[in-house]
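K.L.:
Below, each chain spelled out in residue letters.
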Amino acid sequence: MAIALPFLIALALVIFVLSNIVFFMWAEFKISGRVADRFGPMETGRWHGWAQPLADILKFLNKEDIIPANADKLIFRVAPFVGFIPVVMVLAAIPYTNKIFVRDFDIAVFFVIALSSFTFVSMVMGGWASGNKYSLLGAFRAAGMLLSYELPLGLAIAGVVMLSATLSLIGIVQQQTVWNIVLQPIGFLVFMVAMQAELQRSPFDLAVAESELVAGYSVEYSGMRYAMFQLGEFFGLWALASMAVLLFLGGWHGPYLPGIVWFFIKFYGIFLFLAFSRVSVPRVRPDQLMDLGWKILLPSALVNIVITATLIVLVPHYQVPLAVSEFVILIAALYLMRRVLK
Amino acid sequence: MSGQLLAFWALSFVILSGALYIVMTKNIMHAVFMHLLTMSMIAAVYGLLHADFMAAMQVLIYAGAVTAMVVFALMLTKSQSRPDGAGIAVDNQQRGASFLTAAGFLAVVIYVLVPQKWAVHEAAPVVKSDVAAMGAIIFKSYILPFEVISVILLAALIGVIVLARKED
Amino acid sequence: MNAGMTNYYYVVAFAIVGGVFGGLLLSVARMLRPRKISKTKLEAYECGMEPFEGNWTQYSARFYVFALVFLIFDVEIAFLYPWGTVFRDFGVTSLIEMFVFIGVLLLGLVYAWKKGVLKWL
Amino acid sequence: MVPLQYYIIMSAILFTIGIYGVLARRNAILVLLSVEIMFNAVNINFMAFSAYITPATMVGQIYTIFAVASGAAEIGIGLAIILLIYRGRETVNVDEVNMLKW
Numbered sequence: 000m001a002i003a004l005p006f007l008i009a010l011a012l013v014i015f016v017l018s019n020i021v022f023f024m025w026a027e028f029k030i031s032g033r034v035a036d037r038f039g040p041m042e043t044g045r046w047h048g049w050a051q052p053l054a055d056i057l058k059f060l061n062k063e064d065i066i067p068a069n070a071d072k073l074i075f076r077v078a079p080f081v082g083f084i085p086v087v088m089v090l091a092a093i094p095y096t097n098k099i100f101v102r103d104f105d106i107a108v109f110f111v112i113a114l115s116s117f118t119f120v121s122m123v124m125g126g127w128a129s130g131n132k133y134s135l136l137g138a139f140r141a142a143g144m145l146l147s148y149e150l151p152l153g154l155a156i157a158g159v160v161m162l163s164a165t166l167s168l169i170g171i172v173q174q175q176t177v178w179n180i181v182l183q184p185i186g187f188l189v190f191m192v193a194m195q196a197e198l199q200r201s202p203f204d205l206a207v208a209e210s211e212l213v214a215g216y217s218v219e220y221s222g223m224r225y226a227m228f229q230l231g232e233f234f235g236l237w238a239l240a241s242m243a244v245l246l247f248l249g250g251w252h253g254p255y256l257p258g259i260v261w262f263f264i265k266f267y268g269i270f271l272f273l274a275f276s277r278v279s280v281p282r283v284r285p286d287q288l289m290d291l292g293w294k295i296l297l298p299s300a301l302v303n304i305v306i307t308a309t310l311i312v313l314v315p316h317y318q319v320p321l322a323v324s325e326f327v328i329l330i331a332a333l334y335l336m337r338r339v340l341k
Numbered sequence: 000m001s002g003q004l005l006a007f008w009a010l011s012f013v014i015l016s017g018a019l020y021i022v023m024t025k026n027i028m029h030a031v032f033m034h035l036l037t038m039s040m041i042a043a044v045y046g047l048l049h050a051d052f053m054a055a056m057q058v059l060i061y062a063g064a065v066t067a068m069v070v071f072a073l074m075l076t077k078s079q080s081r082p083d084g085a086g087i088a089v090d091n092q093q094r095g096a097s098f099l100t101a102a103g104f105l106a107v108v109i110y111v112l113v114p115q116k117w118a119v120h121e122a123a124p125v126v127k128s129d130v131a132a133m134g135a136i137i138f139k140s141y142i143l144p145f146e147v148i149s150v151i152l153l154a155a156l157i158g159v160i161v162l163a164r165k166e167d
Numbered sequence: 000m001n002a003g004m005t006n007y008y009y010v011v012a013f014a015i016v017g018g019v020f021g022g023l024l025l026s027v028a029r030m031l032r033p034r035k036i037s038k039t040k041l042e043a044y045e046c047g048m049e050p051f052e053g054n055w056t057q058y059s060a061r062f063y064v065f066a067l068v069f070l071i072f073d074v075e076i077a078f079l080y081p082w083g084t085v086f087r088d089f090g091v092t093s094l095i096e097m098f099v100f101i102g103v104l105l106l107g108l109v110y111a112w113k114k115g116v117l118k119w120l
Numbered sequence: 000m001v002p003l004q005y006y007i008i009m010s011a012i013l014f015t016i017g018i019y020g021v022l023a024r025r026n027a028i029l030v031l032l033s034v035e036i037m038f039n040a041v042n043i044n045f046m047a048f049s050a051y052i053t054p055a056t057m058v059g060q061i062y063t064i065f066a067v068a069s070g071a072a073e074i075g076i077g078l079a080i081i082l083l084i085y086r087g088r089e090t091v092n093v094d095e096v097n098m099l100k101w
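Protein chains in written order, with numbering that gives the first Met the number 0: chain A, 0 to 341; chain B, 0 to 167; chain C, 0 to 120; chain D, 0 to 101.
With the rest of the complex left out, here is chain A (with noise of 0.2 Å):
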């Protein structure tokens, strides 16, 4: 039994995130449908186009699978599974609340940013193997904007480790009395663009840019192994926007309800979050996307570790000097950026 454990609590947690994933595709079609004064799904399954995602996943394993002639046939086949199996390992180091967590790893910060750095390596292994140039350019734009926002998001994780002094995901919520959103309000904020980025979501999707190029690495990708490409990206938004709610929104923290009902309103006000934001900004260009990665971002990232480490080391008391002097920093930043950008 103790040998079954694992597993067993491993296929239960991946049905868990995969029901939360068809929620996830729902919501989302809702929502965009709603911002653009539309209603989106309304037929499937009567009420609000419920079955709509479901009918999409009927829909993938329905489809022909196509291998191109010219494709590295192992390689093609290999990818989505480098794509898939971190993103599920990155489950066993999210904990949900106190109690309720798989293994309370002594790095598991750590261990998260090491294995999303496979996210970028499946791109590039689909993009080649699939033996089209334009797939292959574009899992290296794929591959060169992860590049770029992965160290940003790395950065603005070492703030909140700094405070905490520890890389266990439990002993970062179980340190934060304070949110550490008001004390790291510019490493929370450059955590949440980063994280768009690597989720290759809207705003931030030019790789993939679905309008235009046609997909990006996944071209010659179809049915069931092009969805698990998009299932590891849901993934991937499921892993971060835990850590986003642990990291900085104070995990399980909250008055009243129990911690596993605030984990889930502040991971879905998080989603809600990723969802508006992907339908109502524009897509960046791609010159504006490496000057906001490598020229903002990151240098705003090191501006965080400093001011942290500065006060941590010279002040005494440093939460109340520490919130404010980076709310100051982030308006007049916000401002300036507005008066050199215009």
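Any given hint could turn out to be false.
Below, a list of computed lysine to aspartate or glutamate pairs in the EDC-like style, where the Cα atoms sit at most 16 Å apart [as the list claims (entries may be wrong)]:
1) C:K35 with A:E63
2) B:K139 with C:E96
3) B:K139 with C:D88
4) C:K113 with A:D290
5) C:K40 with A:E63
6) A:K72 with C:E42
7) C:K40 with A:D290
What the hints contain is simulated information worked out from the structure, not anything from laboratory work. From a predicted model like this one, the values you see are computed outputs, not experimental measurements.
Given the coordinates of chain A, work out where chains B, C and D should sit on it, guided by the hints.
P.N.:
Chains B, C and D only, in chain A's frame:
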């Protein structure tokens, strides 16, 4: 056989056959992706040695960044040998001599190493994967190498920019 | 089995479940989907004609420099995490050490910036 | 418990494979990958010694961190040099890159 020993055998098998594949295959791209697998498995070996942090770092740097960099570099050098191995051979003529050299080296190493008695710590290996402990040691006793590493990285960065930007 | 090994056992179990689950999805799809392969379907997806000379063509060196800058800063992140967990205990000394480290790498970033490497193609 | 010997012999074999690759490969990028294999074989040794002989001071682990960091710099520069050679000579074949002979 204990679980750890079993894991060790499995990992060694994958690592060694992966490495053999890298040095034998005609398909350069397959070699790069096999490199990814081998490096991940080496990370697992670090895990077996109770070094969580180093395992994650191995994945982050070798499996992620280095693989991406090698793929990009490969795409820049339009090699005479096509990725599927057609065209000019990827090996040179000295395969036999190389094999003999390598085998000789291995024989000497095994001859020296096998009878060796190591001063293995009692009850080793101790579970000591704490990141904080590691940080404390680095920032207490290894400050100079730490700062020198930053200069080396800077030198590499500037070097690559100077070397790679010749075209325009 | 001690705590450390149990953690790894869980990670391996999750990896296996991920792989098996993916494989299961693919094999279910294999049973359900139609299979009518024709030559045109197997061509590369392009504007109606076969692409010239495959995908083994040259790309810009930009990507490579990006990857290198990423690698360098990745190493920095790897050093930042252990530092972040202990820097309180050493006070100002560790602060100065890290500032020198970050400062030196920032120099590299500024150099790359000035040389125009960080532009998109 | 895995004996220390096993790790050392495994890494020795890995190192040997790396040597063979460095000597027998023609494509410079594959030579560099073989160098990486040798690098990692050495790192496995460091890690094994660290876990078995000096678990308290973690000398081997610290050494590996620095080795990985300098290895990252090394492969970056190595690939850049290969790219430069490629631009000058249109080849990454180490047999043909013999400018230093004259």
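K.L.:
Flag every earlier hint the structure violates by its number, smallest first.
P.N.:
7
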